[in-house]
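Participant: Whenever a hint applies, use it, and build me the whole structure from the sequences.
Residue numbers (the UniProt record's numbering), protein chains in the order written: chain A, 1 to 469; chain B, 1 to 469; chain C, 1 to 469; chain D, 1 to 469.
Quick caveat, the hints were computed from the structure, so don't treat them as lab data.
Since the structure is predicted, the reported quantities are computational estimates derived from the model, not experimental observations.
Mixed in with the good hints there might be a few duds.
Which stretches of chain D does chain C cover? Using the computed rule of at least three CB atoms under 8 angstroms from a CB of chain C, they are [unchecked claim]:
id: 1; segment: 27-33
id: 2; segment: 202-211
id: 3; segment: 304-310
Simulated restraints, written as ranges between beta carbons of each label pair [as the list claims (entries may be wrong)]:
id: 4; chain 1: A; residue 1: Ser-74; chain 2: D; residue 2: Arg-67; range: 38 to 46 angstroms
id: 5; chain 1: C; residue 1: Gly-375; chain 2: D; residue 2: Arg-67; range: 48 to 56 angstroms
id: 6; chain 1: A; residue 1: Lys-401; chain 2: B; residue 2: Gly-306; range: 20 to 28 angstroms
id: 7; chain 1: C; residue 1: Gly-196; chain 2: B; residue 2: Asp-93; range: 52 to 60 angstroms
id: 8; chain 1: B; residue 1: Glu-233; chain 2: A; residue 2: Lys-377; range: 54 to 62 angstroms
id: 9; chain 1: B; residue 1: Glu-329; chain 2: A; residue 2: Lys-377; range: 33 to 41 angstroms
id: 10; chain 1: A; residue 1: Asp-63; chain 2: C; residue 2: Glu-241; range: 52 to 60 angstroms
id: 11; chain 1: C; residue 1: Asp-69; chain 2: A; residue 2: Ser-102; range: 35 to 43 angstroms
id: 12; chain 1: D; residue 1: Arg-67; chain 2: B; residue 2: Ser-71; range: 50 to 58 angstroms
id: 13; chain 1: D; residue 1: Gln-154; chain 2: A; residue 2: Asp-63; range: 38 to 46 angstroms
id: 14; chain 1: C; residue 1: Gly-348; chain 2: A; residue 2: Ser-74; range: 56 to 64 angstroms
id: 15; chain 1: B; residue 1: Ser-327; chain 2: C; residue 2: Thr-104; range: 46 to 54 angstroms
id: 16; chain 1: C; residue 1: Ala-407; chain 2: A; residue 2: Ser-102; range: 33 to 41 angstroms
id: 17; chain 1: C; residue 1: Gly-105; chain 2: A; residue 2: Ser-102; range: 24 to 32 angstroms
Yeah, the Cβ is synthetic: ideal placement off N, Cα and C, and Gly gets one too.
Protein chains: 4
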Amino acid sequence: MLAEIRGLNEECGVFGIWGHEKAAEITYYGLHALQHRGQEGAGVVTTDGENLKLHKGQGLVNDVFKRVDFSKLSGHAAIGHVRYATQGERTIDNVQPLLFRSQTGSMALAHNGNIMNAFKLRGELESTGSILQTSSDTEVLAHLIKRSEKLSVQEALTDALQSLVGAYAFILLNEDKMYVALDPRGLRPLSIGRLGDAYVVASETCAFDIIGATYEREVQPGELITISDMGMETIRFATQEQRRLCAMEYVYFSRPDSDLNEVNVHASRKKMGIELAKESPVEADIVTGVPDSSISAAIGYAEESGIPYEIGLIKNRYTGRTFIQPSQELREQGVKMKLSPVRGIVEGKRVIMIDDSIVRGTTSRRIVRMLKEAGAKEVHVRIASPSIQNPCYYGIDMSTKQELIAANHSIDEICEIIGADSVAYLSAEGLEQAIVKNDSINQGVCMACMTGNYPVIEKNQQEIAYTRC
Amino acid sequence: MLAEIRGLNEECGVFGIWGHEKAAEITYYGLHALQHRGQEGAGVVTTDGENLKLHKGQGLVNDVFKRVDFSKLSGHAAIGHVRYATQGERTIDNVQPLLFRSQTGSMALAHNGNIMNAFKLRGELESTGSILQTSSDTEVLAHLIKRSEKLSVQEALTDALQSLVGAYAFILLNEDKMYVALDPRGLRPLSIGRLGDAYVVASETCAFDIIGATYEREVQPGELITISDMGMETIRFATQEQRRLCAMEYVYFSRPDSDLNEVNVHASRKKMGIELAKESPVEADIVTGVPDSSISAAIGYAEESGIPYEIGLIKNRYTGRTFIQPSQELREQGVKMKLSPVRGIVEGKRVIMIDDSIVRGTTSRRIVRMLKEAGAKEVHVRIASPSIQNPCYYGIDMSTKQELIAANHSIDEICEIIGADSVAYLSAEGLEQAIVKNDSINQGVCMACMTGNYPVIEKNQQEIAYTRC
Amino acid sequence: MLAEIRGLNEECGVFGIWGHEKAAEITYYGLHALQHRGQEGAGVVTTDGENLKLHKGQGLVNDVFKRVDFSKLSGHAAIGHVRYATQGERTIDNVQPLLFRSQTGSMALAHNGNIMNAFKLRGELESTGSILQTSSDTEVLAHLIKRSEKLSVQEALTDALQSLVGAYAFILLNEDKMYVALDPRGLRPLSIGRLGDAYVVASETCAFDIIGATYEREVQPGELITISDMGMETIRFATQEQRRLCAMEYVYFSRPDSDLNEVNVHASRKKMGIELAKESPVEADIVTGVPDSSISAAIGYAEESGIPYEIGLIKNRYTGRTFIQPSQELREQGVKMKLSPVRGIVEGKRVIMIDDSIVRGTTSRRIVRMLKEAGAKEVHVRIASPSIQNPCYYGIDMSTKQELIAANHSIDEICEIIGADSVAYLSAEGLEQAIVKNDSINQGVCMACMTGNYPVIEKNQQEIAYTRC
Amino acid sequence: MLAEIRGLNEECGVFGIWGHEKAAEITYYGLHALQHRGQEGAGVVTTDGENLKLHKGQGLVNDVFKRVDFSKLSGHAAIGHVRYATQGERTIDNVQPLLFRSQTGSMALAHNGNIMNAFKLRGELESTGSILQTSSDTEVLAHLIKRSEKLSVQEALTDALQSLVGAYAFILLNEDKMYVALDPRGLRPLSIGRLGDAYVVASETCAFDIIGATYEREVQPGELITISDMGMETIRFATQEQRRLCAMEYVYFSRPDSDLNEVNVHASRKKMGIELAKESPVEADIVTGVPDSSISAAIGYAEESGIPYEIGLIKNRYTGRTFIQPSQELREQGVKMKLSPVRGIVEGKRVIMIDDSIVRGTTSRRIVRMLKEAGAKEVHVRIASPSIQNPCYYGIDMSTKQELIAANHSIDEICEIIGADSVAYLSAEGLEQAIVKNDSINQGVCMACMTGNYPVIEKNQQEIAYTRC
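Facilitator: The following block contains the structure:
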């Protein structure tokens with residue numbers, strides 16, 4: 001699925017390390033591994049025990065750090081963040097980590113998720129004399145901590161977290177401690193690992209692989225971890241509930257080489273393809289996937305069905321931030337943007353086109369037409385997840401219900417709209433099958449956008465803030 | 001294979017269009033498709049019938065054109081170039097197209113290849129009063145044309161081409177015509193297509209797909225084509241010899257979605273994998289490929305062998321030009337650069353690792369070690385082309401003979417050096433089998449670097465210039 | 001006097017306009033005229049009645065606005081700021097105007113001056129739950145306003161201003177009003193003018209001349225002016241005290257074409273030179289001034305003494321921010337930095353060198369030596385203001401007392417230290433004479449750094465914040 | 001006079017040094033001193049005896065060198081250039097020094113002046129097989145040298161110089177020698193100095209002052225100097241003719257602190273003002289000058305007339321390359337661009353406004369109106385040079401005859417057109433008086449643009465090339 005085109009947007013990524021003399025550089029490499037989760041901005045804050053030091057900027061990790069002098073980011077601990085931003089809020093102020101200084105000490109915050117009652121909390125703070133500087137949810141947490149009358153940061157943070165409603169993974173750094181917290185349902189991924197004696201925390205385990213760290217365990221729902229030179233200490237700030245990790249992390253957001261809840265993402269996607277081939281077979285000449293996120297599922301479908309996998313669609317890797325979009329006139333003449341069909345492969349063939357999901361349907365329609373114009377005789381669309389019929393309130397920027405094609409159309413209608421010869425989705429059971437591990441660690445996923453079964457019942461949806469991460 | 005690491009470098013790419021009112025923009029998109037052939041510089045020259053206009057710069061196509069005003073590059077015809085440069089010659093002057101103005105008219109040149117006698121020709125020009133401004137071979141051709149006493153450009157160009165020894169694909173643009181020439185052996189790829197009424201020329205057919213053009217035919221060895229508002233005219237400047245397209249274009253250089261001599265590159269790579277599985281089977285749990293160029297071969301190997309294909313290695317897509325390389329200390333601690341193993345996939349497994357080629361062996365050794373450190377029980381290396389034992393004089397920047405591992409070691413020694421459990425290469429017959437089409441168009445390939453059988457016998461190898469493209 | 005070398009640093013500049021459809025552009029030109037007051041950063045905030053829009057950045061006005069799209073800064077009112085910053089605080093966060101948004105409305109602040117009790121006020125705010133984001137004094141005012149329980153901005157601002165101790169000129173902009181305030185002693189300059197129907201406010205009247213506005217009057221000490229679509233309204237937030245405008249504004253800070261308290265700066269400097277010639281004549285061949293700020297005084301001295309004025313010293317206008325300073329070795333070989341002697345003028349001459357002030361004496365010493373090396377027979381230093389013997393607490397970054405040469409040495413000692421043939425300062429009476437107008441508007445100046453007579457007696461000098469403006 | 005507004009444009013500047021281990025850095029400081037002669041581009045070429053190294057770029061010296069690593073420009077000799085460019089030729093290729101490499105050696109050229117027969121010479125070169133890469137006159141000289149059959153550079157250069165018609169000052173650098181040449185009439189300024197044992201050459205002596213060098217002598221008309229480790233050798237390539245240094249160098253182009261032909265520029269300008277006061281006195285209250293180039297003359301006029309000099313006009317020093325020009329609408333509302341009147345000085349006064357010259361008259365008209373709008377009762381314009389009635393063919397970009405106001409109007413008409421109360425020009429005798437020294441070194445100046453008396457009679461004016469320097 002091509003995120004930019006279809007409206008299903010990527011999440012932020014957080015990283016932290018405690019106890020390594022090259023903390024900032026390690027964080028730089030960690031953020032590289034998480035780059036797919038946010039390309040609008042990146043930043044690092046370090047502590048050397050006495051001062052917090054910040055470097056952040058807009059753009060890719062490489063752009064932000066291209067002239068950085070790591071000797072100015074010295075310290076044995078660091079937190080980092082890559083940011084995905086909704087339109088209109090692309091200012092440097094919202095790039096994280098956010099750093100708050102005072103005469104008595106400083107704190108830095110990195111956050112992945114969505115605080116659903118942020119708007120209300122912000123209004124309460126402002127009406128009692130606070131000035132907030134960003135439009136970010138994250139700043140609300142900082143003010144709640146500052147306002148708490150508890151003396152220790154751990155207690156103040158526990159207070160503050162109990163005011164929040166939503167999905168979140170937080171890392172907080174001050175001069176002498178690092179705090180890690182996950183929302184009571186565990187909607188966002190967050191893992192802990194070790195790099196020698198150092199502790200590392202990251203949104204995805206691929207950040208451990210790139211730095212050579214070893215995975216230890218998942219952060220638990222409702223857990224608040226304190227890391228310092230004394231080691232690691234953990235408490236619960238919320239009663240234990242069943243974990244509900246976002247299913248879209250498996251389907252689309254996470255990198256194929258990450259393990260989520262100890263299940264490899266590529267492997268789960270390949271199983272989605274295998275399940276899909278079992279549920280919805282079709283006679284065809286080749287199987288192809290929409291790059292990059294659907295390749296694993298396509299290979300799984302091919303393996304199960306015995307129909308050869310081929311590269312029928314190719315993504316232009318070099319269309320970056322400064323790519324000049326073709327005009328409407330040139331698009332009509334056939335100029336492609338990010339994806340091209342491979343005529344030599346698809347011409348004269350019956351093609352099974354695997355995609356991970358459909359949001360509005362416009363992209364699927366364009367790809368089907370592209371394949372047919374390149375000579376495909378038939379195009380059978382197979383989607384490696386259940387249809388998305390409901391908006392998400394937990395931190396994923398999805399079209400509102402009116403725009404979701406599956407919320408308003410039957411499968412036959414969708415097939416006609418996108419011009420395919422047949423369309424089929426994976427069942428919810430098939431998806432769970434692909435994700436769930438034999439043993440018990442993976443207690444459950446949130447499939448609310450597919451099933452409508454929301455893990456948190458919201459009294460007032462208007463509380464939802466528009467800026468997330 | 002990871003080019004940056006191993007010393008087998010990419011080639012330049014050329015593009016031309018005649019007869020389209022958005023010639024510069026079309027060329028911009030065409031160069032995007034050819035970006036993998038050269039990332040050091042890019043440029044476009046247009047003609048509006050009266051003036052040639054140039055825009056070029058160092059870096060990726062996106063960087064070079066990010067603030068370009070296409071209205072200043074008006075014209076109905078254009079040529080473009082993406083440049084790969086050897087170290088030390090990274091100046092803007094060498095970025096192509098080269099533009100030469102005079103009081104009686106201008107010409108622009110875009111070139112892919114290597115003029116082997118450039119150094120000698122340059123000396124002759126200088127000793128008789130010419131000043132050359134670049135260290136590029138391409139400028140030599142311009143001076144030879146200017147010095148010719150023939151009145152028409154076509155005749156002067158024919159004269160000049162006959163002085164050249166080497167592998168080359170040229171596009172020349174002046175105010176009212178475009179000229180296209182390919183060396184007498186056809187060592188470099190060059191195709192012609194149509195976009196509506198316009199003519200298009202490109203190093204690879206993927207540039208046709210991105211702009212919606214249709215493929216017409218290959219430029220023939222020794223052919224000189226003249227395109228103008230009167231249409232297309234062709235002559236031969238050299239006697240016809242058997243075509244010898246560089247085999248490495250199939251193995252590594254070209255994009256999988258391109259057709260070379262009407263054979264799809266992905267399909268040929270998959271066949272290399274299939275042949276390799278037939279020739280050198282081995283018992284294992286998974287097949288994995290070194291991204292990106294070896295993925296097709298790995299899928300072919302998996303398909304033929306019945307062993308599942310998995311993503312055991314992953315490439316960090318965001319390590320670009322400004323990526324800060326980890327220090328030796330951090331690399332020793334396990335920080336990865338461009339490639340990471342996927343522990344969740346390879347741990348405890350017997351892995352068949354497919355790569356397209358081995359040059360010096362250092363990268364293969366690193367990847368094998370990486371896989372073993374991530375828990376692979378066995379690593380069987382299978383190379384989807386014959387071993388490289390000879391240098392190439394035709395435009396590919398390959399290590400000299402001393403550095404080629406296969407020139408100095410037996411397969412068993414290589415296996416030991418890189419730490420694999422077994423190593424096997426595809427045979428030359430297997431490679432030809434994967435490339436050759438049933439019908440006759442694909443008359444032959446150059447496999448000199450593998451077989452030592454050079455299509456042009458050079459009297460004096462010291463004539464070879466160091467700057468190419 | 002060359003500020004960069006000698007430690008007497010420039011002040012910030014503020015500008016505001018209400019009631020002009022091109023408010024942002026007018027502010028851009030106004031800031032150009034004030035550029036000499038601060039070259040570290042610049043910014044503009046506009047209001048269109050509903051939203052405040054900000055553009056700011058580090059560097060010169062030209063740099064900050066070079067790619068600005070003024071259509072994104074629409075609105076009928078704007079405030080602007082140019083910033084001089086002490087070392088170590090050169091971050092974008094401290095560049096003004098500071099903009100504070102909340103759910104109920106926004107405010108922007110531009111400030112010239114120094115809040116002496118800022119550190120204490122900041123501590124009080126933080127200990128009761130506020131988070132401050134900058135190290136700027138100006139933010140303290142914003143929090144005091146936000147904390148005030150008064151309902152109107154005017155009343156809250158009056159409250160807040162009464163907490164402040166120091167020298168300040170503030171402009172505050174919110175969606176529908178502009179507020180202008182000057183400290184109770186009027187230590188900083190601030191004038192009001194008209195541009196057609198629009199109101200304009202600026203630190204110096206040269207900003208009125210560049211935009212074609214006409215001067216109306218000075219803002220009075222302790223005055224708070226409210227400007228809106230209803231016109232202009234004024235109140236006093238402090239009891240009236242005698243005005244004490246900083247004398248260094250006449251001597252050095254302000255532009256020669258500005259009027260301060262209705263006295264032209266060039267004219268007053270020329271009079272300083274005339275008074276100096278009367279008080280301390282000396283036989284010589286030529287009079288020369290240290291560019292730029294001492295030229296007017298030198299011309300006055302020449303006019304009064306009858307000794308010809310010549311250009312004996314010249315400033316290199318092109319040594320900007322990116323100028324590469326000569327190494328110690330090259331300086332010793334004679335390479336000059338910002339100022340060169342004109343050998344053709346001074347060789348063999350007895351030179352009267354006029355400067356506006358001496359701080360540490362190191363620059364004077366260098367200039368005297370430079371003139372002698374260029375052949376001057378004698379160098380008589382005449383300073384167009386009284387000697388500086390005391391630090392300033394009101395917003396001028398002056399060396400502490402130990403570094404002030406005149407605080408620790410007699411005139412004869414100074415003469416010997418700087419290598420001059422004679423040295424004389426203007427008397428305090430002479431300076432007053434040069435500044436005071438015949439009529440009564442100019443009630444007085446602060447000459448505390450020269451006389452030690454401070455207009456505000458500070459109980460606790462440690463309250464002084466290090467960041468100003 | 002404000003060059004940008006009025007069409008009288010500045011010249012290029014050249015600098016060279018032989019025999020100093022920091023040659024590139026010294027050249028950098030020398031180019032700073034010459035920056036006023038060209039702000040479009042700058043460059044340096046060094047030699048270390050074996051290789052020439054180049055660094056050049058568009059913009060100010062500071063911009064071009066802001067990230068330069070001088071260790072990459074090592075060598076004991078260097079030449080440098082600052083470039084003024086006519087519109088349309090602002091490409092990096094035309095920025096000097098031009099560097100020409102060949103297999104047998106390299107040469108670099110820096111040039112100030114205009115080769116009048118460049119177009120014809122270029123045509124001859126191209127028609128016999130040469131390719132020229134720039135539109136610069138300077139390249140023609142390089143080809144003439146390369147084409148010469150003489151063996152030594154000195155002889156080939158003598159040959160080549162004899163083909164040239166025009167005004168020029170050249171510095172040529174190759175691996176082991178530096179060559180300096182001045183045209184047979186000495187129209188352009190060029191001086192030689194010493195810095196310790198090193199030789200230095202520069203367009204103006206102010207470049208010697210900034211680096212601490214001492215002036216030795218002028219380069220003579222028709223002289224060709226060769227500098228090497230063996231010392232300095234001189235020959236004549238043309239028969240001696242009377243020197244005719246461009247009078248506008250004194251009037252406007254050169255820096256006031258330079259000596260031209262051993263006459264100080266500021267002193268000569270002051271004398272122009274004194275002569276002007278004698279020739280054309282007028283009753284008035286103040287004298288003011290148009291900054292920067294007319295200040296010296298204004299001070300001279302004041303000194304002679306006894307009328308006080310005041311700063312009635314001020315230039316905004318910060319309007320640089322990126323300054324956003326006010327729209328027509330804002331200009332009509334009174335927004336000033338580069339120059340503002342000082343109301344406090346001119347209001348109610350009879351003003352004598354001194355300017356150095358008038359070209360088209362549009363700027364004079366604007367300044368007179370500006371002064372009157374600021375309240376001046378009378379404005380008497382006094383021009384410190386004779387009226388410009390003829391175009392210049394020797395390297396100064398002046399309006400063609402139709403645009404020169406004095407070529408088409410009487411003084412009374414000019415007075416009416418520009419709205420002054422009276423206008424007077426300095427006489428040709430007065431100008432000569434101000435420039436000529438008592439002793440004989442200053443044999444004569446070229447005042448062709450004022451008197452029509454051209455030192456070289458041109459057969460064919462169409463030979464004149466449009467690109468100079």
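Participant: Are any of the numbered hints broken by this structure? If so, which, sorted upward?
Facilitator: 4, 5, 6, 8, 9, 12, 13
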